[in-house]
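All chains, full assembly: derive it from the sequences and hints.
There are 4 protein chains.
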Amino acid sequence: MKPEIAKLGYLSLVTSDLEKSLWFFKEVIGLEETTEINGVHYLRAWGDFQHHTLSLEQGDRGYVRHIGFRTKAPEHVLEFKQLLEDGGIEVEQIKAWETPGIGEAIRFPLPSGHTFELYYDITRPEVEEHRRSVLKNQTYKSWAKGISPRRFDHVNIHSSNDSAEAYDFLENVLGFKMREFLRGDNGDVIAGWMSVTPLVHDVALVIKPDLPTPARLHHLSYWTDDSQDILRAADILREHNLEFVGPGKHGITQAMYLYVMDPGSGCRVELFSGGYLIFEPDWEPIEWLEAERPLGNTYWGDSIQDKELNKITIEA
Amino acid sequence: MKPEIAKLGYLSLVTSDLEKSLWFFKEVIGLEETTEINGVHYLRAWGDFQHHTLSLEQGDRGYVRHIGFRTKAPEHVLEFKQLLEDGGIEVEQIKAWETPGIGEAIRFPLPSGHTFELYYDITRPEVEEHRRSVLKNQTYKSWAKGISPRRFDHVNIHSSNDSAEAYDFLENVLGFKMREFLRGDNGDVIAGWMSVTPLVHDVALVIKPDLPTPARLHHLSYWTDDSQDILRAADILREHNLEFVGPGKHGITQAMYLYVMDPGSGCRVELFSGGYLIFEPDWEPIEWLEAERPLGNTYWGDSIQDKELNKITIEA
Amino acid sequence: MKPEIAKLGYLSLVTSDLEKSLWFFKEVIGLEETTEINGVHYLRAWGDFQHHTLSLEQGDRGYVRHIGFRTKAPEHVLEFKQLLEDGGIEVEQIKAWETPGIGEAIRFPLPSGHTFELYYDITRPEVEEHRRSVLKNQTYKSWAKGISPRRFDHVNIHSSNDSAEAYDFLENVLGFKMREFLRGDNGDVIAGWMSVTPLVHDVALVIKPDLPTPARLHHLSYWTDDSQDILRAADILREHNLEFVGPGKHGITQAMYLYVMDPGSGCRVELFSGGYLIFEPDWEPIEWLEAERPLGNTYWGDSIQDKELNKITIEA
Amino acid sequence: MKPEIAKLGYLSLVTSDLEKSLWFFKEVIGLEETTEINGVHYLRAWGDFQHHTLSLEQGDRGYVRHIGFRTKAPEHVLEFKQLLEDGGIEVEQIKAWETPGIGEAIRFPLPSGHTFELYYDITRPEVEEHRRSVLKNQTYKSWAKGISPRRFDHVNIHSSNDSAEAYDFLENVLGFKMREFLRGDNGDVIAGWMSVTPLVHDVALVIKPDLPTPARLHHLSYWTDDSQDILRAADILREHNLEFVGPGKHGITQAMYLYVMDPGSGCRVELFSGGYLIFEPDWEPIEWLEAERPLGNTYWGDSIQDKELNKITIEA
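Residue numbers (UniProt numbering), protein chains in the order written: chain A, 1 to 316; chain B, 1 to 316; chain C, 1 to 316; chain D, 1 to 316.
If you are wondering where the hints come from, they were derived from the structure by calculation, not from laboratory data.
Please read all numbers here as calculations on a predicted model, not as lab measurements.
Hints are not guaranteed to be accurate.
Claimed, not checked - No more than 20 Å apart at the CA atoms, straight line, and that leaves these computed lysine to aspartate or glutamate pairs for EDC-like:
id	chain 1	residue 1	chain 2	residue 2
1	A	K2	B	E4
2	A	K72	B	E27
3	C	K145	B	E280
4	D	K136	C	E287
Next comes the structure, spelled out in structure tokens:
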């Protein structure tokens, strides 16, 4: 039986302006800081159940170190290691708790060029009384500051590497199911929304022929309960003089969106709400053709199509 | 390896006033009718992907025939049959397509007294052009009439049978995971929110000492994307002179609610929105004590506690 | 003491395809039909308190007959007649109830080229039991069909006539107060949001140098209680394959917007929500310069700037 | 021609725990502080256009000093003085700017026992860059903290004095129009929603036979743009362990409500959204009978009827 991934866990982000990024993610987006250790800040949303879903640290430029996923069982971490090494992939092993909050882990490159991390053990630190929700099933009080999304939702990554190999690896090695995809005019899959959960995507991978480096991050995404929260987010961003794309509603995923850049790292954040869940075990991936891309991108609203702001990505 | 349930599928409801029930579910709740065969009406929400999530037929009184669940794989249906018969449970086998839209199935009684059905094969009938969504990933146009929820969400069943046995069966035979539960003053679990999906519950089972019959249905639930849809639902129900409880927000599940009775069958429907998803593979069930029941029931809003309207149930 | 206007009343619209316009306004927008007399259909929103706020009739092309306003007192109608005739304006007198629901009225051309009507007496017809709200202060049940806005809000008219004369007449003869305005690079006022009520505008007048005819209607507007109703409207329009601009939020007025064309008459409808009210008796009109027009038009969202769809107007 | 009131202006509140009241109004409700002078704190909402809409100062108990209204013209202040003195009412004259932000004013007792203030001149202090909205027509950035309502809306006052005299004074001396009212079983008006603006009420006056003192304040109210803001407010209050009544929707006014007490002064605040506007110059006051009071109070939701928390008032 193959090892399995349970969920997207966190993203490790390096920023060229830590102070600005902390202001953006804590005050504007409204994430809570779990802790700071050795200059690395560990953040999560009020409804996240892990130690952190985003880590932030100072570097010479903005880029993604790696993207972490939690496995379904403790033994799956090393089973994945074996599986990957059997496939000729070089795997780095990370000692337990070297990353605060994260147990023993492995890291490895994907054919798309991105680095994924897999781990199982996590810590769920206690929250101080004054920030703790009155509800037993909620981590922090909601609405404490900024946009205040509920939880980490997904990542959208770009690659200029071979399409078939990239999707094949995600599906057949890592176990992601294709939920919706875009077929280019040349017949290749050029964008895929894939998940191990009933979300339409935990990861979207987009193939682009010419990128500054082969592996890029287009955005990470946090989820809000209500579509009106996206409208409130637009007010907040506008009042902070932060440019954004949206609000609008995707055809693919059916979710409301709004995209804004962290002015520190250049990393884009999507505020995301609504959409559908897939519980059917025999889901037929929804195919969109190149000509249908505009509807797939934007069911209605401020279109992401042809927006310069939408084209920038960071190394990942 | 054990067979597994993928999701809640549908509820088979008998009503003493079919015309009134059809008006309620189609015009007020806003479900779409897939088809009518031999006097049985097959309904689903605009975002449901199955043939139906509710069937309605005339009878001498309102009651639930059975509650259907879809398995994760075709072979799981007969594997479950074997498993159940090995445990001494009498299993009824239903021929494929005897229930329109549903392939080969099995039905059996639970220790709680309820009848569950398991099946894998389903049909997804084409939708007529004028009702079909412009989106490839959505069944019907949304907002065509009434409250217009997105999809079937969960069932809440009551039983006066033995608590330990009832929960044990759901967990250990059917594979439901306990997500949140209420522990009575006598130490017994008296309410459990359980799921096979990342929803907090596909099924809630409440143990009550004195019920008219051992197995009852408290409500079935349809989901709306936004909490404001629940407020709009309240307007619609009030203008139809239909009594309801809510709107309010549960502590357990963190979801917005509104409860209204089908005037035909006496079956209660919960309109439901928001709440959280559970992706952690090692989720610790949240325990609520009897004294915390009011907060668990109602985080805020029109309380379900002590409402006469909230106590009525139908046979199931 | 000068006669005064109390409020915007209704718009008389001619359409080249009555059937299509009735479908659009009744089924898509969700207006209620008060009555049909001699081929003219009288419509209003569920929260409108008049006989009608829109009349629809067949013609050879789409255009606006006139825009009706209610005066503050019965005697103001003839006082306005005197005032206008004293100013050399030709005034047409309309017999009471010649327009169903509307008492004695006067009609006259504005310097902008538009025809306004003034009346005081109105009828408020009873609503049939099954459409009547359970509330004594509400005309119809809300949410019966389509987008279902609450009430008629404002009109936006365009003119290629002299700017100074046009605004002067609205302010000094008709008593509209300037609330916000756009000053063109040449120093002229080129757009003015004006009201006799605390709404930011009952009428917006935009001056454009080259129009097909001197007096045009850009849109009429209906108001929804909540900004999420605008998002729901977008879903409904998209599913009806009706093109629209928005949703977005204006800087001027601070209101959410969405613009869609009646496919029968070519008349644009703005769905409108939120914004602010002006209760200060000494309100200083807010001045926006040409360079600030983009922010004034669109605080955020799908911009109305440079949209071809936004440039079409009909004769008025 | 009679002097006229333009709008409700502000409420002067004394609290027995200034620190707690400041925390409540600034951090929880989310009002902005314009300034503090001699221990009096001047607050307003982000969309208020005056110097302040609430003043807070320390005292030995919580009570209302007076409620301020702005007149339509400068000369109306002294014209009202004359009118009142002609009617045998003792009028106190307040020097300009004795109350920061407020010009020359008069104060006088109503038959209901409440003290009203009338003034015309106000100051509109500049807002510091970092708190100022990017919009020219908005005072502060919205959503900076807490619930963040847009503007001061109305006051609800209680009196045990003579009903006929109390309403007569508000209508015939101060010019408030009755919009909706409740007729008691004895034939008296026992509650009236009255306004000088198109709002259904700037002031609601409720007659109660037995009150601790003849003149009381039931609540002051701030307005939010969207009904979902009321749901968000409920989350925020619940997480601050502040008890409240609601959310629900009134029949009278048709507005969403939520009532919460300032823990410092005991003054109740209503968060309020939606409802209708009255532009008709010949509005027929809506009459509700005692038997219809429950529907008038609560169209749906958490009922204010029979709630102990709803019965507390403070001296005014």
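Going through the hints against the structure:
1. K2/A x E4/B: Holds, because 17 Å separates the two Cα atoms, which is no more than 20 Å.
2. K72/A x E27/B: violated, 43 Å
3. K145/C x E280/B: violated, 42 Å
4. K136/D x E287/C: holds, 8 Å
In summary, the structure is inconsistent with hints 2 and 3 from the numbered list given earlier, while agreeing with the others.
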